[in-house]
Structure formats: C-alpha cells, structure tokens
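Engineer: Residue strings, one per chain:
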Amino acid sequence: MAEGTQQHPLKIYFFVWILLFVFSAFSYWVDWYGFQSYTRWGLILLFMMLKAGFICAIFMHMWWERLPIISAILLPCFAILVFVFIMWHESYYTLLIRKLFFLINGG
Amino acid sequence: MEESTTPVQITVPPNEGMVKDWASDQKAFKGVPWGKAMMWIFLVSDTFVFSIFLISYMTVRFSAKSEWPNPSEVFGLHIGDYNVPLLLIAIMTFILITSSGTMALAVKYGYEKNRKMCAILMLATAIFGASFVGMQAFEWTKLIMEGVRPWANPFGAPQFGSIFFMVTGFHGTHVTIGVIFLFIMARKAWRGDFDTGRRGFFTSQKSHYEAVEIMGLYWHFVDLVWVFIFAFFYLW
Numbered sequence: 037m038a039e040g041t042q043q044h045p046l047k048i049y050f051f052v053w054i055l056l057f058v059f060s061a062f063s064y065w066v067d068w069y070g071f072q073s074y075t076r077w078g079l080i081l082l083f084m085m086l087k088a089g090f091i092c093a094i095f096m097h098m099w100w101e102r103l104p105i106i107s108a109i110l111l112p113c114f115a116i117l118v119f120v121f122i123m124w125h126e127s128y129y130t131l132l133i134r135k136l137f138f139l140i141n142g143g
Numbered sequence: 008m009e010e011s012t013t014p015v016q017i018t019v020p021p022n023e024g025m026v027k028d029w030a031s032d033q034k035a036f037k038g039v040p041w042g043k044a045m046m047w048i049f050l051v052s053d054t055f056v057f058s059i060f061l062i063s064y065m066t067v068r069f070s071a072k073s074e075w076p077n078p079s080e081v082f083g084l085h086i087g088d089y090n091v092p093l094l095l096i097a098i099m100t101f102i103l104i105t106s107s108g109t110m111a112l113a114v115k116y117g118y119e120k121n122r123k124m125c126a127i128l129m130l131a132t133a134i135f136g137a138s139f140v141g142m143q144a145f146e147w148t149k150l151i152m153e154g155v156r157p158w159a160n161p162f163g164a165p166q167f168g169s170i171f172f173m174v175t176g177f178h179g180t181h182v183t184i185g186v187i188f189l190f191i192m193a194r195k196a197w198r199g200d201f202d203t204g205r206r207g208f209f210t211s212q213k214s215h216y217e218a219v220e221i222m223g224l225y226w227h228f229v230d231l232v233w234v235f236i237f238a239f240f241y242l243w
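Chains as they are written, first to last, in this note's numbering: chain A, 37 to 143; chain B, 8 to 243.
Treat the hints loosely; a few may be bogus.
[As the list claims (entries may be wrong)] Okay, derived cross-link-like pairs now, SDA-like style, lysine to any residue, Cα gap no bigger than 20 angstroms in a straight line:
#1 B:Lys72 / A:Arg134
#2 B:Lys34 / A:Ile140
#3 B:Lys34 / A:Lys135
#4 B:Lys37 / A:Met98
#5 B:Lys213 / B:Gly42
#6 B:Lys72 / A:Tyr128
#7 B:Lys37 / A:Asn141
#8 B:Lys72 / A:Leu131
#9 B:Lys37 / A:Tyr49
#10 B:Lys120 / A:His97
#11 A:Lys135 / B:Glu74
#12 B:Lys120 / B:Leu130
#13 B:Lys72 / A:Arg102
#14 B:Lys123 / A:Leu46
#15 B:Lys120 / A:Tyr49
#16 B:Lys72 / A:Gly89
#17 A:Lys47 / A:Gly89
#18 B:Lys72 / A:Tyr129
#19 B:Lys120 / B:Lys27
#20 B:Lys27 / A:Ala108
#21 B:Lys27 / A:Val58
#22 B:Lys37 / A:Trp99
#23 B:Lys37 / A:Ala108
#24 A:Lys135 / B:Gly163
#25 A:Lys135 / B:Ser70
#26 B:Lys34 / A:Ser127
It is worth saying that the hints were derived from the structure and are not from the lab.
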C-alpha cells in the first residue's frame, strides 16, 4: 500500500477487543440486574455509545483518518438525530389521536 | 512467506488543513484509496437505512396502544429449571464481537502483507458470522413456533412482530452477504491474489490488500449496527 499506512500495534486491537467484551457484559448485566426507567436507558445508551465509538475509532481506523473523510462520514449522521426528534413527537401525537378515537368509539 | 520487516508505526495525520483538503481541486480524501472512500459512502447510506428502521421502531413502539412485549422474557431461554433472560442474544452479541476482533486482526496482517494470517483470520471471521446467522435462524424458528407473526403475536402489541422480522431480517441479510464475501476474500488472500495482483474474476481490477480493509469496514459496520439493535430492540 503506497499511501496512508494504517499499521498499528497488535496491543491496541486486543485492548479494544477486551473492552468491547466488557461493555457487552455490562449492557447484558443491565438487563440481568433489572434496572428500570432512566437508570436503565442511561446505562444502555452509555455502553452502546462506548462500544460504537471504539468500533468506529479503532477497528474501522477512523481515529487515524484525516478530517475531511471523518466529517464526510459523521456529519450527515446528525441529520438522523433531527429525524429522531421529529418522529418522537409524531409518535406521541399518534398515540393521543388513537386514545381519543377509542375513547369516542369505545374500543 | 513474507514477514513484515518494516517497524510498526502509528501515523496520526494532522487535523488542520481540512479546508485545504476539500479545496485542493484534486481529491478531497487524501491518502484514502477510492475503494475505501466508496465503501465509507455506502456505509453512510446504509446507516440511514438502518436508522430509518430503528426510528420507525421507536415511532411504532411509542404510539402502540397495547403493552409492548418484554424482550427480556420473549428472548429468554429455558435451561433446566431456570429462565435465563436474553441468553441467545447475549451469545450472538459475543460471537459478533469476537468476529469483529478477528477481522480487525485480519486487516492488520493484511497491511503487513502476511498472506496466511490474513486468510486464516478472515476464514475465522466468516465462520463466526455463519454461526451468528445460524443462531438467528434458530431464534426466528423459535418465535415463529410460539406464534409470532408480522401482524400478530401472543405477547402484546402486534407491531412487535413486524419490527422484529424487519430489523433482524435486514441485519441478518447483511451478515449473510458479509459471510459470503469473507469466504471469497479469504480464498483470494490464501491463493496470494493480493501479492501477485491477480485480476478479479468479476471486476477485472488488480487485487490489492486494500480489499481486506474495505471488507473489514463492511464487517465492522455489521457489528456496529448490531450494537444499536441490541441496545434499542433487545435491551430497551
């Protein structure tokens, strides 16, 4: 490979590999232990983001890429968050309409 | 058998000069082979596809009038006298992470032009991936036997079945395609195509070890998607 040598020590791959196992075990433990509500959701999101971050940064080598390609990949993903926000509100509106409908029609 | 003689070095490209890179009138993604850039762009589009599935899952779950089935119980397994929650899903998660690790090492050995290690590790990745698909087939069979259908299920909100089959089915398809390509790539690596630059059967392009990294990007993405599915669908 002429350009962009992506050669990294073996150590870092094993380190991330172990970390991923640990984070997965933790997220399974969240279910096992039976955390509920905000604690549960917070912990799930935390371990999810940690795992996704390490896979993306180290295994997919994004940490060592130049900023133009990183921004071309990551910036469009923020549009997803906007869509999540819109649909989150839409879903509660749908639920409200459904409840009203069944209230009136006695479902 | 060629061993790498060059010392291993970490190259951290400078983060300044992003505007220069974009405006250079040549190519924006410096130091990135075109195949890799194209794979990244495909993965971004695939991210959107999976996001839309997960967003529709969120919308459907929030707006469901009846109770959403508890995945911890639905996907639990009976072992002897015990009900172990989410056992199969946990095993599948660990298998996929294992395969991700072997793939990362395959990419590393690909860069070092270590033909044998690269091929063996890709083969291992493919086998882990195939076992994942097998477990998913088992899971589907189990749920279908219990009466889960895309339009109804015995546990609660009827939307559960359609979301389950759509999301895990689409992810399973990705894994299956990945496994097929991993077998092809492992064979190519083993035969020494990446060393001799033998032209591909379909594309007529010269083979390169870059292909291993591109394969790796796809495989890690499949793992990445599973991280989100595991969090939102199985744990939430």
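Engineer: Now tell me, hint by hint, if it's right for this structure.
Structural biologist: A quick look at each hint next to the structure:
no., hint, result
1, B:Lys72 / A:Arg134, "holds, 7 angstroms"
2, B:Lys34 / A:Ile140, "violated, 62 angstroms"
3, B:Lys34 / A:Lys135, "violated, 55 angstroms"
4, B:Lys37 / A:Met98, "holds, 14 angstroms"
5, B:Lys213 / B:Gly42, "holds, 12 angstroms"
6, B:Lys72 / A:Tyr128, "holds, 11 angstroms"
7, B:Lys37 / A:Asn141, "violated, 63 angstroms"
8, B:Lys72 / A:Leu131, "holds, 7 angstroms"
9, B:Lys37 / A:Tyr49, "violated, 25 angstroms"
10, B:Lys120 / A:His97, "holds, 18 angstroms"
11, A:Lys135 / B:Glu74, "holds, 14 angstroms"
12, B:Lys120 / B:Leu130, "holds, 16 angstroms"
13, B:Lys72 / A:Arg102, "violated, 48 angstroms"
14, B:Lys123 / A:Leu46, "holds, 17 angstroms"
15, B:Lys120 / A:Tyr49, "holds, 18 angstroms"
16, B:Lys72 / A:Gly89, "violated, 35 angstroms"
17, A:Lys47 / A:Gly89, "holds, 18 angstroms"
18, B:Lys72 / A:Tyr129, "holds, 12 angstroms"
19, B:Lys120 / B:Lys27, "violated, 32 angstroms"
20, B:Lys27 / A:Ala108, "holds, 15 angstroms"
21, B:Lys27 / A:Val58, "violated, 40 angstroms"
22, B:Lys37 / A:Trp99, "holds, 15 angstroms"
23, B:Lys37 / A:Ala108, "holds, 13 angstroms"
24, A:Lys135 / B:Gly163, "holds, 17 angstroms"
25, A:Lys135 / B:Ser70, "holds, 10 angstroms"
26, B:Lys34 / A:Ser127, "violated, 43 angstroms"
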